[in-house]
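Line by line, the protein sequences give chains A and B. Position 4 of the first sequence, counting from 1, maps to 4 under our numbering, and the rest follow consecutively. Position 156 of the second sequence, counting from 1, maps to 302 under our numbering, and the rest follow consecutively.
Just so you know, the hints here were simulated from the structure itself, not pulled from any lab data. No experiment lies behind these values; they were computed from the predicted model shown. Keep in mind that a hint or two might mislead.
[To be verified] Once the Cα atoms are required to be at most 25 Å apart in a straight line, the calculated DSS-like pairs of lysine-lysine come out as: (1) B:328 to B:314; (2) A:41 to B:169; (3) B:328 to A:26.
[Stated by the list, open to error] Cβ-to-Cβ under 8 Å is the rule here; a few derived chain B residues that face chain A: (4) 198; (5) 342; (6) 364; (7) 366; (8) 368.
[As the list claims (entries may be wrong)] Here's a subset of chain A near chain B, in silico, CB distances under 7 Å, partners left out: (9) 39; (10) 43; (11) 48; (12) 51; (13) 58; (14) 61; (15) 64; (16) 66; (17) 97; (18) 108; (19) 112; (20) 115.
Cβ coordinates follow ideal geometry from the N, Cα and C atoms, glycine included.
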Amino acid sequence: MSNESESTNLPDPFQAMTSLWETNLKNWKSMRDTSLDSWSKTMLDTVNSDEYSHTTGQWLDTYLTLSQPYRRLIDLMMTQVLSSLNMPMRTDVTSLAERLTNIETRLDDQDAKLDDILTAIKSVSTSKPATPKPTTNNSAKAKGAR
Amino acid sequence: MSASSSPMNSAALQDELKRIEEKTRTLLRVSTSRANVAQTPKQVIWTFNKAKLYRYIPVVPSEQRHKVPLFLVFALMNKPYILDLRPGNSFIEYMVKQGYDVYLLDWGAPGIEDKDLKFDDYVLDYLPRAIRKIKAVSGSNEFTMLGWCIGAILSTIYAALRPDDGLKNLILLTAPLDFTDKKAGGFVRWVNDEAFDPDKIVSAFGNVPGEMIDYGAKALKPVENYIGSYLTLWDNLDNPRIVESWHAMNTWVTDLIPMAGATYAQLIKELYRENRLIQGTMVIRGERVDLSRIHANLLNVIALADHISPPCQSESIMTKVSSKDQLLLKVKGGHIGMMAGSGALKFTWPHIDSWLAERSE
Numbered sequence: 001m002s003n004e005s006e007s008t009n010l011p012d013p014f015q016a017m018t019s020l021w022e023t024n025l026k027n028w029k030s031m032r033d034t035s036l037d038s039w040s041k042t043m044l045d046t047v048n049s050d051e052y053s054h055t056t057g058q059w060l061d062t063y064l065t066l067s068q069p070y071r072r073l074i075d076l077m078m079t080q081v082l083s084s085l086n087m088p089m090r091t092d093v094t095s096l097a098e099r100l101t102n103i104e105t106r107l108d109d110q111d112a113k114l115d116d117i118l119t120a121i122k123s124v125s126t127s128k129p130a131t132p133k134p135t136t137n138n139s140a141k142a143k144g145a146r
Numbered sequence: 147m148s149a150s151s152s153p154m155n156s157a158a159l160q161d162e163l164k165r166i167e168e169k170t171r172t173l174l175r176v177s178t179s180r181a182n183v184a185q186t187p188k189q190v191i192w193t194f195n196k197a198k199l200y201r202y203i204p205v206v207p208s209e210q211r212h213k214v215p216l217f218l219v220f221a222l223m224n225k226p227y228i229l230d231l232r233p234g235n236s237f238i239e240y241m242v243k244q245g246y247d248v249y250l251l252d253w254g255a256p257g258i259e260d261k262d263l264k265f266d267d268y269v270l271d272y273l274p275r276a277i278r279k280i281k282a283v284s285g286s287n288e289f290t291m292l293g294w295c296i297g298a299i300l301s302t303i304y305a306a307l308r309p310d311d312g313l314k315n316l317i318l319l320t321a322p323l324d325f326t327d328k329k330a331g332g333f334v335r336w337v338n339d340e341a342f343d344p345d346k347i348v349s350a351f352g353n354v355p356g357e358m359i360d361y362g363a364k365a366l367k368p369v370e371n372y373i374g375s376y377l378t379l380w381d382n383l384d385n386p387r388i389v390e391s392w393h394a395m396n397t398w399v400t401d402l403i404p405m406a407g408a409t410y411a412q413l414i415k416e417l418y419r420e421n422r423l424i425q426g427t428m429v430i431r432g433e434r435v436d437l438s439r440i441h442a443n444l445l446n447v448i449a450l451a452d453h454i455s456p457p458c459q460s461e462s463i464m465t466k467v468s469s470k471d472q473l474l475l476k477v478k479g480g481h482i483g484m485m486a487g488s489g490a491l492k493f494t495w496p497h498i499d500s501w502l503a504e505r506s507e
């Protein structure tokens with residue numbers, strides 16, 4: 001009995017650890033969120049400054065200027081390689097795609113005209129309801145002749 | 147170790163380990179897979195170059211449906227399924243259930259052969275053709291056009307150039323139209339810097355890469371986009387509702403498409419820098435874009451916390467148009483959250499529906 005009572009009164013190390021962990025985690029999250037908020041405000045001020053605009057603009061300009069010769073070189077090499085292999089180049093594919101788009105444009109124009117014709121036919125057929133054909137003298141005569 | 151507490155805590159420890167395992171699995175799943183998006187049933191009714199026009203299958207009987215079809219025009223540099231993100235969080239699904247005949251224009255991803263496409267082409271080639279098809283399919287000569295972001299620019303230009311083409315209602319969402327304030331937001335500041343040369347970008351890439359546009363959008367709020375979003379996910383990994391919502395949004399955010407080079411250059415030079423649209427000096431294929439020619443009913447929805455198109459860029463159009471029936475609706479939320487966030491279903495969508503319903507008969 002006394003042993004049992006002692007054992008139940010002993011502090012549970014797991015519970016203590018869990019509790020400590022949870023408290024620490026909560027504090028850490030709160031600290032993290034506060035620092036993120038402050039960091040966010042600082043960064044917002046930074047990216048909305050003229051200095052940032054100028055620096056990134058300058059950086060981009062430098063990158064584009066410096067990389068231009070390499071891009072040209074790669075284009076030239078690709079053109080030579082593809083041409084020697086008798087393969088279509090980017091310009092060929094581009095021109096083919098442009099021609100396809102032109103064909104598609106004309107098809108769409110035809111489709112529009114067809115829609116207009118169908119609409120016109122529908123409106124004609126609905127505006128002039130079918131009326132019984134009047135019996136003419138000729139047809140009466142024809143019937144009589146038979 | 148106590149004899150009585152050990153088995154219980156051992157079970158608790160095992161539960162905790164299981165929970166961590168489950169969270170890790172969820173994290174892996176949502177960060178490496180695509181969510182099942184754009185599930186509202188639809189059919190392609192028209193294609194042109196890379197563009198597709200979808201018609202959503204109506205769920206309301208035709209006699210109870212609104213007469214005027216609803217045509218949705220999204221931005222050029224993102225996929226339009228943000229309007230149909232997932233069941234229960236889809237503007238399109240909502241509007242279809244409210245009895246609208248809904249059409250969505252998907253611009254598609256421009257290839258290198260499309261690098262010379264300009265606003266002129268989108269407004270005067272693509273939009274009129276898509277609208278013609280909508281009229282043919284719906285049997286209505288009138289339509290409502292809803293444009294979001296760059297889609298709102300395109301819709302506005304169209305409404306000004308073709309005011310008598312049957313456009314009954316014009317709905318603009320977070321429309322970047324007025325760039326008078328050169329300090330309003332990061333984008334305006336960046337692209338107005340003398341070191342920033344859009345022609346050089348276009349010359350280098352042809353079409354502006356999706357990654358570059360994505361970087362620009364994320365850099366406007368770097369901490370929230372690069373860190374905060376992932377921390378929110380980590381903190382809520384055992385909340386399926388938040389996880390699935392994050393997954394769907396992340397699928398959309400990472401689904402990048404390039405922007406036609408000539409359109410990008412035109413956007414930066416003629417709009418962001420020279421502010422031609424609002425000043426009435428923009429010319430599209432020889433036609434001046436005169437905003438006072440717009441007489442369609444106008445609903446202009448702006449997001450109060452929009453960091454991409456700050457409210458000041460969207461408000462002034464109200465005084466430029468001739469529309470007698472016009473409403474400026476200010477809603478809480480950001481550029482995307484306004485229409486796809488948790489508050490959209492409770493506020494933005496019902497407001498758009500209630501305004502549009504009485505103007506769609």
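Results of checking the hints against the structure:
no.: 1; hint: B:328 to B:314; in the structure: violated (33 Å)
no.: 2; hint: A:41 to B:169; in the structure: violated (30 Å)
no.: 3; hint: B:328 to A:26; in the structure: violated (43 Å)
no.: 4; hint: 198; in the structure: violated (13 Å)
no.: 5; hint: 342; in the structure: holds (4 Å)
no.: 6; hint: 364; in the structure: violated (10 Å)
no.: 7; hint: 366; in the structure: holds (6 Å)
no.: 8; hint: 368; in the structure: holds (5 Å)
no.: 9; hint: 39; in the structure: holds (5 Å)
no.: 10; hint: 43; in the structure: holds (5 Å)
no.: 11; hint: 48; in the structure: holds (5 Å)
no.: 12; hint: 51; in the structure: violated (10 Å)
no.: 13; hint: 58; in the structure: holds (4 Å)
no.: 14; hint: 61; in the structure: holds (5 Å)
no.: 15; hint: 64; in the structure: holds (5 Å)
no.: 16; hint: 66; in the structure: violated (11 Å)
no.: 17; hint: 97; in the structure: holds (4 Å)
no.: 18; hint: 108; in the structure: holds (6 Å)
no.: 19; hint: 112; in the structure: holds (6 Å)
no.: 20; hint: 115; in the structure: holds (5 Å)
Checked against the numbered hints given earlier, the structure breaks hints 1, 2, 3, 4, 6, 12, 16 and satisfies all the rest.
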